[in-house]
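**Student:** Each chain, written out:
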Amino acid sequence: AQSVTQPDIHITVSEGASLELRCNYSYGATPYLFWYVQSPGQGLQLLLKYFSGDTLVQGIKGFEAEFKRSQSSFNLRKPSVHWSDAAEYFCAVASDTGRRALTFGSGTRLQVQP
Amino acid sequence: DGGITQSPKYLFRKEGQNVTLSCEQNLNHDAMYWYRQDPGQGLRLIYYSQIVNDFQKGDIAEGYSVSREKKESFPLTVTSAQKNPTAFYLCASRARQGPANYGYTFGSGTRLTVV
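Going down the list, the protein sequences come from chains A and B.
One rule links them: number in my numbering = place in the first sequence (from 1) + 6.
One rule links them: number in my numbering = place in the second sequence (from 1) + 27.
The hints are simulated quantities; they were obtained by calculation from the structure and are not laboratory data.
Misleading hints may appear alongside valid ones.
Said to hold, decoys possible - Here are some, though not all, of the chain B residues that point toward chain A, as calculated from beta-carbon distances under 10 angstroms:
no., residue
1, P35
2, K36
3, L38
4, Q64
5, Q68
6, G69
7, L70
8, R71
9, A88
10, C118
11, A119
12, Y129
13, T132
14, G136
C-beta: ideal position from N, C-alpha, C; glycine also.
Please build the complete structure, drawing on both the sequences and the hints.
**Tutor:** As structure tokens, then:
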């Protein structure tokens, strides 16, 4: 069964600092990987996704993620964090067979200090 | 604009009462999903449907029921058998036209509270 681990429950960074959110997945085949962001009481917004090809993926709002098969990781990065980036971030994995549903990590809450 | 509409935004349920959460999409997506979100647990799959008139249990289906009579609609009923229904519920749909378009769209959620 597929699974996702986000080891950091809560991260605090200063505005303007760089950010890296960790994500490790467990999946037997080539995974479809996603990062979503959620503001309080809202739905999920897609930041970026990886299916194949270039392992460095660019997303919206200046985010990028790197797929590392050898480490089963898909870490999210941003060079300079803005106060508006404060939110909860979810990594997810899906397959293109079977139920094709997203399996989510437990999320990382990002706090941005001025 | 195309999207997913969930209603109501807030819902209060009395003990022993069934309630139904609405999810409607105009994206022409075949597959639809219901997730439950609890603090610190991410999102967990309740039910999913890949085609009209067919649906399958997800990981935490006990105490829930669904129907899929129309492509656009996938309502979720929280029954009295669900012992701890207070949570945030998210509906999603999926485009299936190949890997390049493979993606999920989420509604804005319904917060259900037992009173």
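**Student:** Now look at each hint and say whether the structure bears it out.
**Tutor:** Cross-check of the supplied hints:
{"no.": "1", "hint": "P35", "in the structure": "violated (13 angstroms)"}
{"no.": "2", "hint": "K36", "in the structure": "holds (9 angstroms)"}
{"no.": "3", "hint": "L38", "in the structure": "violated (14 angstroms)"}
{"no.": "4", "hint": "Q64", "in the structure": "holds (9 angstroms)"}
{"no.": "5", "hint": "Q68", "in the structure": "holds (6 angstroms)"}
{"no.": "6", "hint": "G69", "in the structure": "holds (4 angstroms)"}
{"no.": "7", "hint": "L70", "in the structure": "holds (4 angstroms)"}
{"no.": "8", "hint": "R71", "in the structure": "holds (8 angstroms)"}
{"no.": "9", "hint": "A88", "in the structure": "violated (12 angstroms)"}
{"no.": "10", "hint": "C118", "in the structure": "holds (9 angstroms)"}
{"no.": "11", "hint": "A119", "in the structure": "holds (7 angstroms)"}
{"no.": "12", "hint": "Y129", "in the structure": "holds (6 angstroms)"}
{"no.": "13", "hint": "T132", "in the structure": "holds (8 angstroms)"}
{"no.": "14", "hint": "G136", "in the structure": "holds (5 angstroms)"}
The structure is inconsistent with the numbered hints 1, 3, 9, although it conforms to all the rest.
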